[in-house]
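Peer 1: Here are the chains, one letter per residue:
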Amino acid sequence: QFVLTQPPSVSGAPGQRVTISCTGSSSNIGAGFDVHWYQQLPGTAPRLLIYRNNNRPSGVPDRFSGSKSGTSASLAITGLQAEDEADYYCQSYDSSLSALWVFGGGTKLTVL
Amino acid sequence: EVQLVQSGAEVKKPGESLKISCKGSGYSFASSWIGWVRQKPGKGLEWMGIIYPGDSDSIYSPSFQGQVTISADKSISTAYLQWSSLKASDTAMYYCARLQHDSYGVMSGVSYFDFWGQGTLVTVSS
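Quick note, the sequences are listed as chains A and B, same order.
Reading the first sequence from the start, the letters are residues 1 to 112 in my numbering.
Reading the second sequence from the start, the letters are residues 1001 to 1126 in my numbering.
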């Protein structure tokens, strides 16, 4: 069971916009802790996609954006491309005793 | 260029010991926290623990405390993850990743994993 909840899968056609949600609680996202997003292409290691809620590392296209509100966060991808097909994970910090650095269960994005 | 290079895939039997490594380059290895993350086949990411190579201070996830040992040798810019007695349930891909944080410290609630190793696949089977 993952502390942060993500939908198992989302899909969209090329050129469309999709969003991936990440729902937490008062001990993580709701406590004001930042949310970060990772992209994991098939057979590769995760890579940082969005950090501190809405910042993109160098090299990440501006088609990717993040937002946070209350106990949830979202990753939006516009102008969907075939190369975006991957697993996406959110991550935050948790102040409870379960774990400190927590991930969502991951969302598989399929480009139709 | 920041790089984390992990040791190669391992195939072990239950009860055997194992130590895998993660060598950092392109940044001040001793001054940055390094974390280990487990990914079981077809599953999500799980944080295992972190270590500060400068003084070997470490923090473990309760789920992994006592199950693994995280260590580091700053003289050779390498972090390690080890098991004393492997189980079949330890079969997974293991990633090391640098933990980036702000000036308030690693537990300020803003930290994230900015660079990742390529992963080490550990297979435990009789």
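FYI, nobody ran anything at the bench for these hints, they're computed from the structure.
We put the beta carbon where it would ideally sit given N, CA and C, even for glycine.
Among the hints, erroneous ones may be present.
With a Cα cut of at most 16 angstroms, we get these calculated EDC-like pairs of lysine to aspartate or glutamate [to be verified]:
no.	chain 1	residue 1	chain 2	residue 2
1	B	Lys-1087	B	Glu-1001
2	B	Lys-1043	A	Glu-83
3	B	Lys-1074	B	Asp-1090
4	B	Lys-1019	B	Asp-1073
5	B	Lys-1040	A	Asp-87
6	B	Lys-1040	B	Asp-1114
Over the 12 angstroms line for every Cβ pair with chain B, so calculated as not near, a few chain A residues [unchecked claim]:
no.	residue
7	Gly-12
8	Ala-13
9	Thr-23
10	Val-35
11	Gln-40
12	Phe-64
13	Ser-74
14	Glu-85
15	Asp-87
16	Gln-91
17	Gly-106
18	Thr-107
19	Thr-110
Which residues of chain B face chain A? A partial, calculated answer using Cβ under 8 angstroms [to be verified]:
no.	residue
20	Ser-1032
21	Gly-1035
22	Glu-1046
23	Trp-1047
24	Ser-1058
25	Ala-1088
26	Tyr-1104
27	Met-1107
28	Ser-1111
29	Phe-1113
30	Asp-1114
31	Trp-1116
32	Leu-1121
Peer 1: Hint by hint, note whether the structure agrees.
Peer 2: Results for each hint:
Between Lys-1087/B and Glu-1001/B the alpha-carbon distance is near 36 angstroms, which puts this suggested pair outside the 16 angstroms criterion. Simply put, Lys-1043/B and Glu-83/A have alpha-carbon atoms about 21 angstroms apart, too far for the 16 angstroms limit, and the pair is violated. Our distance criterion of 16 angstroms between C-alpha atoms is broken by Lys-1074/B and Asp-1090/B, whose separation comes to about 27 angstroms. A distance of roughly 13 angstroms separates the Cα atoms of Lys-1019/B and Asp-1073/B; the hinted pair therefore holds under the 16 angstroms criterion.
With a C-alpha separation of about 14 angstroms, the suggested pair Lys-1040/B and Asp-87/A falls inside the 16 angstroms cut-off, and the hint holds. For a cut-off of 16 angstroms, the pair hint linking Lys-1040/B to Asp-1114/B is broken: about 21 angstroms separates their Cα positions. With a cut of 12 angstroms on Cβ distances, Gly-12/A stays outside the contact zone with chain B, its closest approach being about 21 angstroms. Under the 12 angstroms C-beta cut-off, the non-interface status given to Ala-13/A relative to chain B holds; the minimum distance is some 26 angstroms.
Chain B leaves Thr-23/A outside its interface by the beta-carbon criterion, the shortest separation being 15 angstroms against a cut-off of 12 angstroms. Residue-level check failed: Val-35/A sits 9 angstroms from the nearest beta carbon of chain B, not beyond 12 angstroms. For Gln-40/A, the non-interface assignment is contradicted: its Cβ lies about 8 angstroms from the closest Cβ of chain B, within the 12 angstroms cut-off. Here Phe-64/A stays apart from chain B, with its beta-carbon at least about 15 angstroms from theirs, past the 12 angstroms limit.
Non-interface call for Ser-74/A relative to chain B: holds, since the shortest CB-CB distance, roughly 17 angstroms, exceeds 12 angstroms. Against chain B, the non-interface label of Glu-85/A holds: every CB pair exceeds 12 angstroms, the least being about 16 angstroms. The Cβ of Asp-87/A does not lie farther than 12 angstroms from every Cβ of chain B; its closest approach is about 8 angstroms, which violates its non-interface assignment. For Gln-91/A, the requirement that its beta carbon stay farther than 12 angstroms from each beta carbon of chain B is not met, with the minimum near 6 angstroms.
At roughly 4 angstroms, the least C-beta separation between Gly-106/A and chain B is not larger than 12 angstroms, which violates its mark as non-interface. Remark: the non-interface label on Thr-107/A conflicts with the geometry, its nearest Cβ contact in chain B lying 10 angstroms away (cut-off 12 angstroms). No Cβ of chain B approaches the Cβ of Thr-110/A within 12 angstroms, the least distance being about 16 angstroms, so the stated non-interface status holds. At its closest, the beta carbon of Ser-1032/B sits 14 angstroms from a beta carbon of chain A; the interface hint therefore is violated under the 8 angstroms criterion.
Because the beta carbon of Gly-1035/B sits about 7 angstroms from the nearest beta carbon in chain A, less than 8 angstroms, this interface hint is met. A hinted interface residue such as Glu-1046/B counts as satisfied when its beta carbon comes closer than 8 angstroms to some beta carbon of chain A; here the least separation is about 7 angstroms, so the hint holds. Given the 8 angstroms rule on beta carbons, the hint for Trp-1047/B holds: about 4 angstroms separates it from the nearest Cβ of chain A. Proximity of Ser-1058/B to chain A is violated relative to the hint, the smallest CB-CB distance being about 12 angstroms (cut-off 8 angstroms).
Taking 8 angstroms as the C-beta cut-off, the interface hint given for Ala-1088/B is violated, the closest approach to chain A being about 21 angstroms. Hint status for Tyr-1104/B: violated, given a least beta-carbon distance of 12 angstroms to chain A, over 8 angstroms. Annotation: interface hint on Met-1107/B holds; nearest CB of chain A at approximately 7 angstroms, less than 8 angstroms. With 8 angstroms as the threshold, the beta carbon of Ser-1111/B comes within range of chain A, its nearest partner Cβ sitting at about 7 angstroms, so the hint holds.
Interface hint at Phe-1113/B: satisfied, since its Cβ lies 7 angstroms from the closest Cβ of chain A, which is below the 8 angstroms cut-off. Because the beta carbon of Asp-1114/B sits about 5 angstroms from the nearest beta carbon in chain A, less than 8 angstroms, this interface hint is met. Interface hint status for Trp-1116/B: upheld, as the beta-carbon distance to the closest one in chain A is roughly 5 angstroms, under 8 angstroms. Residue-level restraint check for Leu-1121/B is violated (minimum Cβ-Cβ distance to chain A is 11 angstroms; threshold 8 angstroms).
The structure fails hints 1, 2, 3, 6, 10, 11, 15, 16, 17, 18, 20, 24, 25, 26 and 32 (numbered hints given earlier, in ascending order).
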